[in-house]
Structures are given as structure tokens and as C-alpha cells.
Amino acid sequence: MWKSVFAIALGAALGAVLRWQLGMRLNSLFPTIPPGTLLANLVGAYLIGLA
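Using this note's numbering, the first residue of the sequence shown is number 140, and each one after it goes up by one.
Worth flagging that the hints you see were computed from the coordinates, not collected in a lab. In this text, all values refer to a predicted model and were calculated from it rather than measured experimentally. Hints should not be assumed to be uniformly reliable.
What the hints assert, rightly or not - Derived CB-CB ranges, DEER-like: (1) Gly183 to Val144: 15 to 21 Å; (2) Ala152 to Leu178: 15 to 21 Å; (3) Leu181 to Phe145: 22 to 28 Å; (4) Gly162 to Leu189: 19 to 25 Å.
Yeah, the Cβ is synthetic: ideal placement off N, Cα and C, and Gly gets one too.
When you get a sec, could you build the whole thing from the sequences and use the hints?
Okay, structure coming up:
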């Protein structure tokens, strides 16, 4: 059980940092449609679908 909790916590932490990085780098390109947020959501949904 602790292995699963650790994996979830690690994934959440890495996901938060990557989402922030994508937002900082890509959202300034198109402020009306934030591509960093869109890309993070698409990749996250894909990875959840694989699991």
C-alpha cells in the first residue's frame, strides 16, 4: 500500500512542476488560449488513460 501512496505522491509532485513549467514557457505565446495548460491537460489525460 505504501508503494502505491508513494507513487501517487511522486507523480502528483512531478506533474505539478511540469504543469507550472509548461505554463511559464508556453502561455505567454498565446495569452487568450493558454497552450501550456492545454498541453498539460492532454498529456495528463492520456497518461491516466494508459494506466
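Now the hints, each set against the structure:
In this structure the hint that Gly183 and Val144 lie 15 to 21 Å apart at CB holds, the actual value being about 19 Å. Against the hinted window of 15 to 21 Å, the Cβ-Cβ separation of Ala152 and Leu178 comes to about 19 Å, which satisfies the hint. For the hinted restraint 22 to 28 Å between Leu181 and Phe145, the CB-CB distance of approximately 26 Å keeps it satisfied. One distance hint, 19 to 25 Å for the beta-carbon pair Gly162 and Leu189, holds here, with the actual separation near 23 Å.
In the structure shown, no violation is registered for any of the earlier numbered hints.
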